[in-house]
Amino acid sequence: MSPARYLDGARAAAPLALAVLGFGVSFGLLARAAGMGVLAPLAMSATTFAGSAQLAAVSILGAGGSVAAAITAAVLLNARYVPIGISVAPLFSGSLPSRLLRSQLVVDESWAIANRGGGRFDLPALLGAGGLLYAAWLGGTALGVLGGDLLGDPNRLGLDAAFPALFLALLVPQLRSRRALRVALVAALVALVLVPLTAPGIPIVAASAACLLGARR
Amino acid sequence: MGVATVAVKALGPVLLGGRTLPARLAAPVELLAPAVLAALVITQVVGGERRLVLDARLPGLLAAVVALRLRAPLLVVIATAAVVTALVRAV
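Same order as they appear, the protein sequences are chains Y and X.
If you read the first sequence in the working numbering, its first letter stands for residue 1, the second for the next number, and so on.
If you read the second sequence in the working numbering, its first letter stands for residue 1, the second for the next number, and so on.
Derived by calculation from the structure, the hints in this document are not laboratory data.
Among the hints, erroneous ones may be present.
Each pair of labels, with its calculated beta carbon distance range [said to hold, decoys possible]:
1. X:Pro73 / Y:Gly117: 37 to 47 Å
2. X:Val53 / Y:Ala135: 28 to 38 Å
3. Y:Ser95 / X:Leu52: 17 to 27 Å
4. X:Ala72 / Y:Arg176: 11 to 21 Å
5. Y:Leu96 / X:Val91: 23 to 33 Å
Computed from a prediction, not measured in an experiment: that's the story for all the values here.
Note that beta-carbon positions come from the ideal geometry of N, C-alpha and C, so glycine has one too.
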């Protein structure tokens, strides 16, 4: 594997890294506002690297929820990484610690960037993108915790709209077959119906089951 | 929470690492990407805390659709969404 292919992944992730940086800043700000101090949010970002789950956990803690509720919500939000992990598993070879360590660079964005369609994934692109996004996430958290007031509200800059736009842009090339289109529509519908009914995270997990539709012919 | 996330993410690569998937699983896994991506689009654009929220993200996403139709590069698509959302919020 040449370093250039890692760089390709990092380059593809660069615009996202900016959005992730903004997201990290808002997480840092929110964690600070929730009374978590400076070190706890940083440690959380360094060890967890799952923005939406961290944000959900912090907002539950900030609203006076229990630690158990916060952890449950976070794990449910991250449950999608079971099917996502299975989808990239064939790429990962090598020793157990190395697989364990590298698997942590799998996040929605790096996974989507490494997706080459037809169930194939590009490992260097995945790791290159994941590494850059990890740096942006941790750096953003630090900025938010330490001096985010100066940057203002990232939502004012529209950065929260960058994520759905990214996922849509990555979805469109995947819709080559009617089967894929049907599965995507069902998944979108399931998510739309479940968002008001279930805890955050469940809609994505439930919608991912739509892929089973395609198994039947 | 950190431990749980590490475990969840590692499950696939650690247990199945390097092996190819059984053929019976290949079709659903191939369709997993469109399913999860479609769900992510929905939850990111109208997701709130247990409710649907229609706000400035929606015009931002519609602008991104237009940019995609015009075959704009990824960076332009994302920037269009952010700028339109920011403008709608500003007025």
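Consistency of the hints with the structure:
About 18 Å separates the C-beta atoms of Pro73 of chain X and Gly117 of chain Y, a value inconsistent with the hinted range of 37 to 47 Å. The hint said 28 to 38 Å for the Cβ distance between Val53 of chain X and Ala135 of chain Y, and at roughly 30 Å that hint holds. Between Ser95 of chain Y and Leu52 of chain X the beta carbon distance is about 46 Å. The supplied range of 17 to 27 Å is therefore violated. A hinted range of 11 to 21 Å holds for the C-beta pair Ala72 of chain X and Arg176 of chain Y, which are about 20 Å apart.
Separated by about 55 Å at the C-beta atoms, Leu96 of chain Y and Val91 of chain X break the suggested range of 23 to 33 Å.
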